[in-house]
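Trainee: For reference, the chains in residue letters:
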Amino acid sequence: EDQVTQSPEALRLQEGESSSLNCSYTVSGLRGLFWYRQDPGKGPEFLFTLYSAGEEKEKERLKATLTKKESFLHITAPKPEDSATYLCAVQPLRIQGAQKLVFGQGTRLTINP
Amino acid sequence: DTGVSQDPRHKITKRGQNVTFRCDPISEHNRLYWYRQTLGQGPEFLTYFQNEAQLEKSRLLSDRFSAERPKGSFSTLEIQRTEQGDSAMYLCASSSSARGREAFFGQGTRLTVV
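These protein sequences, in sequence, are chains A and B. Take the first sequence: its letter number 65 is residue 65 in my numbering, and every next letter is one higher. Positions in the second sequence are counted from 1; adding 1000 to them yields my numbering.
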């Protein structure tokens, strides 16, 4: 069964304090791994797609990396506006169920000024 | 590009009543998805359309749930005889088979069953 586990569940940082969020996954074949940001009461906002091990993507203070078993979301010198829940999802590589995303439970990130 | 639009944003209903939600995807997107999210959890897949065809349904989707996408444009999700366990955020997403695999989500419909 496809499974995604994110850690930690919650993370509190001071403004400017860099850290990483982890996403471990188990899937028979990986079509893609996705990172989303979700603010309270809103829908997830797309951040990155990663397709193969070794791939990296960057956007402002965020950088996503991918290995064969996990992905990391690195946040450099975060600001209070980076506070949100970060969701990781995998898209399995198979004909049946090929289009759905399997999400982790998310990491709730709080950046204190 | 106005993004994915969902209506209503909030719905409070009594147990046993039927409710219907609407989703308008990004105009050029041919794929449409419904997900359900409860507090503190990630979204769970419910169903998927490519154009007007419903190609996948989760085992989570009981007989009380039905989704349609007439003419391959907007979609509706109906829940019959609502139960308290149906209380959740219902999210719609869309993507294009002609572009990247990323799905873009709407703001969701928050359902509360009392």
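Any given hint might turn out to be false.
[What the hints assert, rightly or not] If the Cβ cut is set under 8 angstroms, some of the chain B residues that face chain A in the computed set are: (1) Val1019; (2) Arg1031; (3) Gly1042; (4) Ala1053; (5) Glu1056; (6) Arg1059; (7) Phe1074; (8) Glu1078; (9) Ala1088; (10) Ser1096; (11) Ala1098; (12) Gly1100; (13) Ala1103; (14) Phe1105; (15) Gly1106; (16) Gln1107.
[Stated by the list, open to error] Below, in silico cross-link-like pairs of lysine-lysine (DSSO-like), each with a Cα-Cα straight-line distance of 30 angstroms or less: (17) Lys1071(B) <-> Lys69(A); (18) Lys1014(B) <-> Lys42(A); (19) Lys1057(B) <-> Lys69(A); (20) Lys57(A) <-> Lys79(A); (21) Lys1014(B) <-> Lys57(A); (22) Lys42(A) <-> Lys1071(B); (23) Lys1057(B) <-> Lys1011(B); (24) Lys1057(B) <-> Lys68(A); (25) Lys42(A) <-> Lys79(A).
Derived by calculation from the structure, the hints in this document are not laboratory data. A virtual CB, placed ideally from N, CA and C, is assigned to each residue, including glycine.
Trainee: Which of the listed hints are broken here?
Mentor: Structure breaks hints 1, 4, 6, 7, 8, 9, 10, 11, 17, 21.
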